[in-house]
Each structure stands twice: as C-alpha cells, then as structure tokens.
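First to last, the sequence lines map onto chains A and B. Each residue of the first sequence is one higher than the one before, counting from 14 in the numbering used here. Each residue of the second sequence is one higher than the one before, counting from 633 in the numbering used here.
Derived by calculation from the structure, the hints in this document are not laboratory data. We put the CB at the ideal spot given by N, CA and C, even for glycine. Check the hints yourself; a few may be wrong.
Unchecked claim - A short, non-exhaustive set of chain B residues, derived as facing chain A with CB atoms under 8 Å:
(1) F675
(2) Q717
(3) C858
(4) G861
(5) C863
(6) V867
(7) K871
What the hints assert, rightly or not - Below 30 Å or equal to it, Euclidean Cα-Cα: the simulated BS3-like pairs (lysine-lysine) are:
(8) A:K210 x B:K869
(9) B:K679 x B:K772
(10) B:K871 x A:K115
(11) B:K838 x A:K217
(12) B:K838 x A:K215
(13) A:K99 x B:K679
(14) A:K169 x A:K95
(15) A:K155 x A:K99
Stated by the list, open to error - Listed next, with one range per pair, are the computed distances between beta-carbon atoms:
(16) A:V117 x B:K679: 57 to 63 Å
(17) B:G845 x A:E292: 37 to 43 Å
(18) B:Q765 x A:R296: 48 to 54 Å
(19) A:D105 x B:P661: 27 to 33 Å
(20) B:E872 x A:Y285: 33 to 39 Å
(21) A:Q301 x B:E647: 48 to 54 Å
Chain by chain, the residues run as shown.
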Amino acid sequence: MNTSVEIAGVKLKNPVMTASGTFGSGMEYSDFVDLNRLGAVVTKGVANIPWEGNPVPRVAEVYGGMLNAIGLQNPGVEVFAKRDLKFLEGFDTKVIVNVCGKTVEDYLEVVERLSDEKRVDMLEINVSCPNVKEGAIAFGQKADALFDITKKIKEKAKQPVIMKLSPNVTSISEMAKAAEAAGADAISLINTITGMKIDIYKKKFVLANRTGGMSGPAIKPVAVRMVYEASHAVKIPVIGMGGISNYEDAVEFIMAGATAIAVGAANFHNPYATAEIVEGIERYMTEQGIGDIGEIRGIV
Amino acid sequence: MSGKMKCEAKVLSQELLSEGIYDLWLQVPFAKDVVPGQFVGVFPLNKATLLPRPISICEVDTNGSAIRLVYRVVGSGTAEFALYQPGDYMMVLGPLGNGFPLDKAAGKRAVVIGGGIGVPPLLETAKRLSKAQGSKAPAKISAVMGYRNSDTFLDDEFTNFAEVYVATEDGSLGTKGNVIDAMKEQDVPCDVIFACGPMPMLRGIKAYAQEKGIKAYLSLEERMACGVGACLGCVCKTKEVDEHSHVKNARICTDGPVFDADDLDM
C-alpha cells in the first residue's frame, strides 16, 4: 500500500498534516501522538517579532464548532527557530512553517530568516487570518494583492511555498489561480470562516475581538466544496482542511481533489485524532482494495 | 501511569449538593497522580459540542483510583453532565495544569480561600496540607469560603482539615461581605494564601497579600479550547515576558492555572 504523497518535490509518508495554530509546534501533542506517524507538522504561525495576540476571551464554542480570535500570538521567528525547530529535529516527519505578517516586509523577513534552516521543508503563508486588523486581511481577499505577495515571497523563499487561502472571498477559484500564476508551489484551504457570537444575557460579544474564525465539523461541507473548486481551477497541489475529524472526512477531501489534508480543531476534541486518521486511511485503503492513495484523488 | 491522557471515566456516584451544584465521583486511571489545584477537561457526548469543559478536581479518593468533581451547571455541556448516573461513562482529559505549591506552606499559617464554584479545588488542597508531615507541615490551616447566601456547599467538609470561616454576600451565614471581609473581621492568622474564585475576589486577595507582605497563589479560570497549551486561547497577563510565549501572556491551562500573585498583571 502506498500512502505517500508529493508536494513540490517534498515527499510526505502519508497525506495527514496538522492545521496551523491547533497543534503548537507539536510539543504539546507529543504526549498523545507519535509525531513520526504524521505526514507533516504544520506549525503555529510565526512572525518576524513576538506578537501579543488579542485580549481574552479568545475562544468560544458554537454549534458544531468553535470561534477563535487568538490574534496570532507567537514568540517571533528567532525564538521559534532556536526552540521549536530544534524540538522538531528529532522527528521523522516533514515540517511546514506557517508564516504571518502585518506587511509584506514582515513576511519576507521571516522567509529569509528561515531560508537556511534545514529543518524547514516547506513554508505555508497565512494571508487571511481575520484576527489581524492591520491589513493582513487584504492580502488574501484581493486577487491582485495575493498575486503580489506570493510573487515577492517566491523571489526570496528557498523552500517550496504553500499559499493558505481564505474562504472569506467571493470566488475561491479566482484566488487559487492568482496564487498559482504568481508561482505558488501549492495552495492550502480553507482557513477559518469569519463568524460572530453574542451573549444575549450579557448583551455583549462573546469574543473580545468581536469576530473570530470558525472551525470545526460544521464548516466541513463548505471546505469540501472550496477544495473541489480550487483543485479544478489550478494544476498545483491542493491541501484540504476545514472540519476534518476522522478518516472518512479526510478521504472526502482527497476525493474532492486534495493531495494532502490537515486536521485542526479536531485535535482539541480528540488529541489522538491525527494518528487515528493515519490508521483509518490505511484501513480504508485495505478494505477498499486501493493500492495507492493517488487512485482516489479527485475521483468524483 | 503519568502524563496527560484522554480516557473513559466511569461514573461512581453523582448527587445534587446545592442549587445547581453537582457532586460527581469518577473512576480515572490518573487519579493517584493528581496534584491539588489541577483540573480535567470533560467532554459532553452531544456531537454539536467540540470542546472539553475545564473542571477543577475537588478530591482524590484514598485508593487513588477516583476523582471528585464539584461543578455548577452553567450551560448545555454541564447540564448534560448532571444527567449522568452511576455506571455511565464520560470522556475526560487530564490531569491538566499545575497545582498549588503546597511546600510553600511549610511551617507557616496557611489559608485556603475559595469563592463560590472556586471552593472545590481547595478541599483536596486543605486535605493534603493537613497530611503534610514534619518540617513540611503548616503551622496552622484555615479555610475561608465565600458564598452568595446560606445555601453553601463543601464548607462542612473543610472542618476535618482546617479552621473554617464563612462569608456570605447577604449576611445570612458567617461574615456579611466577601472573603477579605471575613479575614479581617475574624482576624484569620495568615502567612501564605492558596485561592480560587472569581477575578474580583482574586484581585482583592492579591491586594490583601501585598498589604500584609505575604505570598498568595491564585488559581485562574478562562475560556479554553485545547487545555494542553497548544491553542493559546486561555492566556492571562503577566508582569514579565513569559518564558514560553516571549510576550506578557502565560497559558492558564499549562503554565497555570495556579500562579504566584506577584507574577500576574491583574
């Protein structure tokens, strides 16, 4: 059985990755999951300097999912490289570093700082986090801005670049095409869907940030549809995510056209989720007589 | 067995302790590893819910095979928990967080202070303090509990381990007012404080401790998602740059929930 997949020349032992921001750099979940089992660990977003993030409450539960407005709190790329990348050195998995920024220059600073880090297999660029008010929202929501930042990052990056697309757009195909045209090696989607929750007794927003990104099982059908549309719009590999909780969900995304998939909020409900999905996909392939995972990619 | 796990927990008993307050005993494999002040994440079975509910551990049984949770029904998740019967199974994640630093009470007059649903974790704290031997033993253990009214819970159980003082907001039992009012009115002897309760109470305790020049260890609460330090949902403001975050935010779930009051920016 062959579960391995290839993205921009990087071979993953299986298509299961972690979704940025839900898994730290793997340290916290290594109590539950053997990181060597995973296709890739995608780290929490890292910026050029430490970010404080948003005030609390930062998270809220909603029907079938949750909202988060963490505000991309992170220790900055220097600490990240020395601590988090060092921790990941010992594992036989691919490392994809998620990069965030408030200006194009911020992103480029991180990309350049990581360019000679051997432990970094790929970069994933967050251009859509709705938590950051200071302009980052524009990169992922306008095709020309997305094209521009992708092109600039590609000029500097030494590792393959995955552009992580926002679902908060009119046409995901248009965004996917803009990223591909600018030279992106792959795209990943969907980031969280912007939502809001109001406490009717306190007569206030539940999140201090008012809005938050929605994730969890409730967003899955939207994500499957967008992955399907994006994978038909471009030739570069698509990494699918959004509400994946079990192997059935993972297979659904692969059938929609995803080369790899990422597990996010499900980690909070089930800290063993990633490893269980790897095992579930293997079992499914055996039962269904599938020799290579590529056989079912985009099969619908 | 040590380390965190998500596992099935058999319900041994459940009863109503006070209005909206439930008393639940769960058999869990990690009970003997629990440090007072730690908590568990309890998962509702309802598929529409995703996140564990953080609930403090009130007591560990003498065999080290079960934990006691005393919780208030505040929403649909805890309302579901209240329906569980002996023999049912629940899913829990634990043990989570760091407990109270009991060694700081050695040779001192220790006071555990709880407010409302912050009272439960202090029961195991008081129990362990009372069991400390020799030079580790506190010189004295007092417990100060604050409630809204005379519909109190757990206060009677503290009498086994501590000298008990009660404050009620409506004055129907003990000192009228809050826990600080009770400390002052009853002149509670105090060299070190372990406390859990609502933020205004904890702020008051920090101010009281600073005024007296004593140490206070405070257990905080915040909305959480992962419970294991990955999501950064449940942070609190710290005075200095935190070692993990490199900004002035510490994770309540893993760096806490108990903090030295001097380290917090409240």
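Those earlier numbered hints the structure runs against, lowest number first
2, 7, 9, 13, 15, 16, 17
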